[in-house]
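Number of protein chains: 2
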Amino acid sequence: MSKSRKIGLAVAQMGPVHLADDRQAVVRRLIDMLKEAKARSAKFVVFPELALTTFFPRYWMSEEAAIERFFERTMPNPQVQPLFDAAREAGIGFYLGYAELTAKGEAFNTAIIVDDNGRIVAKYRKTHLPGHADHKPDAPFQHLEKKFFEVGNTGFPVVETMGAKLGMCICNDRRWPETWRAMSLQGAELGVLGYNTPSLNIHWPEPVHLRMHTHLVSLQASAYQNAMWIAAAAKCGKEDGFHMIGGSVIVAPSGEIAAQCVTEEDEVIFANVDLALGDTFREHVFNFAKHRRPEHYRLIVERTGAGAPLPHDPDALN
Amino acid sequence: MSKSRKIGLAVAQMGPVHLADDRQAVVRRLIDMLKEAKARSAKFVVFPELALTTFFPRYWMSEEAAIERFFERTMPNPQVQPLFDAAREAGIGFYLGYAELTAKGEAFNTAIIVDDNGRIVAKYRKTHLPGHADHKPDAPFQHLEKKFFEVGNTGFPVVETMGAKLGMCICNDRRWPETWRAMSLQGAELGVLGYNTPSLNIHWPEPVHLRMHTHLVSLQASAYQNAMWIAAAAKCGKEDGFHMIGGSVIVAPSGEIAAQCVTEEDEVIFANVDLALGDTFREHVFNFAKHRRPEHYRLIVERTGAGAPLPHDPDALN
Chain A
1 MSKSRKIGLA
11 VAQMGPVHLA
21 DDRQAVVRRL
31 IDMLKEAKAR
41 SAKFVVFPEL
51 ALTTFFPRYW
61 MSEEAAIERF
71 FERTMPNPQV
81 QPLFDAAREA
91 GIGFYLGYAE
101 LTAKGEAFNT
111 AIIVDDNGRI
121 VAKYRKTHLP
131 GHADHKPDAP
141 FQHLEKKFFE
151 VGNTGFPVVE
161 TMGAKLGMCI
171 CNDRRWPETW
181 RAMSLQGAEL
191 GVLGYNTPSL
201 NIHWPEPVHL
211 RMHTHLVSLQ
221 ASAYQNAMWI
231 AAAAKCGKED
241 GFHMIGGSVI
251 VAPSGEIAAQ
261 CVTEEDEVIF
271 ANVDLALGDT
281 FREHVFNFAK
291 HRRPEHYRLI
301 VERTGAGAPL
311 PHDPDALN
Chain B
1 MSKSRKIGLA
11 VAQMGPVHLA
21 DDRQAVVRRL
31 IDMLKEAKAR
41 SAKFVVFPEL
51 ALTTFFPRYW
61 MSEEAAIERF
71 FERTMPNPQV
81 QPLFDAAREA
91 GIGFYLGYAE
101 LTAKGEAFNT
111 AIIVDDNGRI
121 VAKYRKTHLP
131 GHADHKPDAP
141 FQHLEKKFFE
151 VGNTGFPVVE
161 TMGAKLGMCI
171 CNDRRWPETW
181 RAMSLQGAEL
191 GVLGYNTPSL
201 NIHWPEPVHL
211 RMHTHLVSLQ
221 ASAYQNAMWI
231 AAAAKCGKED
241 GFHMIGGSVI
251 VAPSGEIAAQ
261 CVTEEDEVIF
271 ANVDLALGDT
281 FREHVFNFAK
291 HRRPEHYRLI
301 VERTGAGAPL
311 PHDPDALN
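Chains as they are written, first to last, in UniProt numbering: chain A, 1 to 318; chain B, 1 to 318.
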């Protein structure tokens, strides 16, 4: 087995951010958790998706109103700069999700990786936007990611920084196996993400416990099948009465949960993750070069939606 | 939600088949389980991988010796015909795995689907062959699938039969997310497979409990992520002293285990599976046509092994 390569890893779950909470208060909470992570000797901390505001896609409003109130035009900006400063001072890198408005006026659901020198070394824009773009007045809340955001144009970036190859995604991306494969095929050793997952499904009466179950089982299988560590940070609890699941986790390449949040509040979990554990899986069961057969995977890129079965004649196979 | 479309589904797990057990005795066991499945009103029963013989890739021998003793040159052949007859009489379809020698002399790890009229309607040849081709004299046993079998040339067939769209794979294929995506992109509603999974990993000292854990978590995530039912049948227990895991299961499109074997012997489990449950997931969270982004999945077919990260410049993303 490979020589161990350990990195102190923290996940900073956030309790609710209400409409009335300003960015200054939110950034103070992030800095508090960064300090707690530092006290456990973390070198990297994962914050949630859209960490600076409430999960605003639940509210019907115009794009202009959303942009005015919830989007960041620059990063860091003066309100977020104290987090960058605190992280650089602590010598800690971080993942942070926020709503991004570009100079060209494009709106994305974005996350960045900031290294221990305070430099933005990677930026990811969410690929798999869930929900809808139309107003659903009869639903208890909206899920307007398809209205407020454009589909990301970055692919799934993998960056080598602070001694680790980090892959990025956001929230709903974690349920799509293509997300993790795109990372592991670039050598990712640790996948990081934030999420906001309403516990109520507005589209059909899905039993609430399944929201936690499918979250965990997706991350566990994806960590294993891609021989990666995965660290996932929730924003959770009741934001102005609208409940979202917690369950922030650090998952090992064995598919085992190494650490898991047990509250729906601001909570830091830590694991001293050995990246070399993934090497073992990459050498054997998931030695891609030896075992993968892309000639049989072509439908994955040739089709978007499901189609008819390919022609198949068992009598011709003799 | 869709109108329910239920099919009585059984999984027939097999206890060990020893070197000394002949095919006649094995076929009798399969027929006994078929009758038990029928008594529970099953319309389809899933038998294991290489169901007719012991898991012979554990033994070092020449290809010729393996073919002579463990492969089938025709299907059905006189020894297996009684199973086909019993199934047709019972009006039950089945999945059966066996070692196939073609007329051209090619050797495959194969499975067939036989419909309720006793007709072979699909044939699958295993794509992801695990293990090695060389002799490992210091290992407690071998895993010579790469020696005895050629890589399958069928892709992952999906056939509509007996009112359901069935997708096929075998054993190690279940750990590869591409397997399930190739099926769900052809509209599969129920994926069926057999497996033989040694509880000891000869390549590295993997904790034994992980063999069961990664088996279950892979099937649960794949069922969910592809909005499919999955039925998996083990051959298990100690074959001439070599132990393999049980854990045969029927998994729902919610990722929940609907039925699971609790022995390491011949054991039939049953579930009255509603194919329409998958429709709900296909309409919403996994509405592929609405949410998939194949333009960001290209590495899956463009690379076999993992490579360097793609170029990424966050400063250019403004």
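In short, the hints are calculated from the structure, not lab data. Honestly, I wouldn't trust all of these hints.
If several chains are the same, the list does not tell them apart, and a pair holds so long as it fits within one copy or across any two.
As the list claims (entries may be wrong) - Here are the simulated lysine-lysine pairs, DSS-like style, with alpha carbons at most 27 Å apart:
1. 35 <-> 3
2. 290 <-> 35
3. 104 <-> 238
4. 290 <-> 38
5. 136 <-> 147
6. 238 <-> 35
7. 290 <-> 146
8. 3 <-> 104
9. 146 <-> 238
10. 38 <-> 147
11. 136 <-> 290
12. 146 <-> 35
13. 136 <-> 38
14. 290 <-> 104
15. 3 <-> 136
16. 35 <-> 147
17. 290 <-> 147
18. 6 <-> 104
19. 147 <-> 6
20. 146 <-> 38
21. 136 <-> 35
Comparing the hints with the structure gives:
In this assembly of identical chains, residue 35 and residue 3 lie within 27 Å of each other by CA distance neither inside one copy nor across copies; the values are 30 Å within and 54 Å between. In this assembly of identical chains, the alpha carbons of residue 290 and residue 35 never lie at most 27 Å apart, being 44 Å within a copy and 41 Å across copies at closest. In this assembly of identical chains, the alpha carbons of residue 104 and residue 238 never lie at most 27 Å apart, being 34 Å within a copy and 65 Å across copies at closest. With identical chains, the CA atoms of residue 290 and residue 38 are never at most 27 Å apart, being 40 Å at best within one copy and 42 Å at best between copies.
Taking the closest pair of Cα atoms, residue 136 and residue 147 come within 27 Å of each other only inside a single copy of the chain (12 Å); across copies the shortest separation is 58 Å, beyond that limit. Within a single copy, residue 238 and residue 35 get their C-alpha atoms as close as 25 Å, which meets the 27 Å cut-off; across copies the closest is 53 Å, which misses it. In this assembly of identical chains, the alpha carbons of residue 290 and residue 146 lie at most 27 Å apart only when taken from different copies (10 Å versus 39 Å within one copy). For a Cα distance limit of 27 Å, the shortest separation of residue 3 from residue 104 qualifies neither inside one copy, at 47 Å, nor across copies, at 47 Å.
Proximity of residue 146 and residue 238 under a CA criterion of 27 Å is satisfied intra-copy only: 23 Å inside one chain copy versus 53 Å between copies. For a Cα distance limit of 27 Å, the shortest separation of residue 38 from residue 147 qualifies neither inside one copy, at 38 Å, nor across copies, at 51 Å. In this homomeric assembly, residue 136 and residue 290 come within 27 Å of each other (Cα to Cα) only across copies, at 18 Å, whereas the closest approach inside a single copy is 49 Å. In the homo-oligomer, the alpha carbons of residue 146 and residue 35 never lie at most 27 Å apart, since the shortest distance is 35 Å inside one protomer and 52 Å across protomers.
Within a single copy, residue 136 and residue 38 get their C-alpha atoms no closer than 44 Å, and across copies no closer than 47 Å, so neither meets the 27 Å cut-off. Only between protomers do residue 290 and residue 104 lie at most 27 Å apart by alpha-carbon distance; the minimum there is 26 Å, versus 44 Å within a single protomer. With identical chains, the CA atoms of residue 3 and residue 136 are at most 27 Å apart between copies only, with a shortest distance of 24 Å across copies and 54 Å within one. In this assembly of identical chains, residue 35 and residue 147 lie within 27 Å of each other by CA distance neither inside one copy nor across copies; the values are 36 Å within and 55 Å between.
In this assembly of identical chains, residue 290 and residue 147 lie within 27 Å of each other by CA distance solely across copies; the values are 14 Å between and 43 Å within a copy. In this homomeric assembly, residue 6 and residue 104 never come within 27 Å of each other (Cα to Cα): the closest approach is 41 Å inside a single copy and 52 Å across copies. For a Cα distance limit of 27 Å, the shortest separation of residue 147 from residue 6 qualifies neither inside one copy, at 41 Å, nor across copies, at 37 Å. Proximity of residue 146 to residue 38 under the C-alpha cut-off of 27 Å is found in neither arrangement, the shortest distances being 37 Å within a copy and 48 Å between copies.
Taking the shortest Cα distances, residue 136 and residue 35 never come within 27 Å of each other, neither inside one copy (41 Å) nor across copies (51 Å).
Of the numbered hints given earlier, the model fails hints 1, 2, 3, 4, 8, 10, 12, 13, 16, 18, 19, 20 and 21; all others are met.
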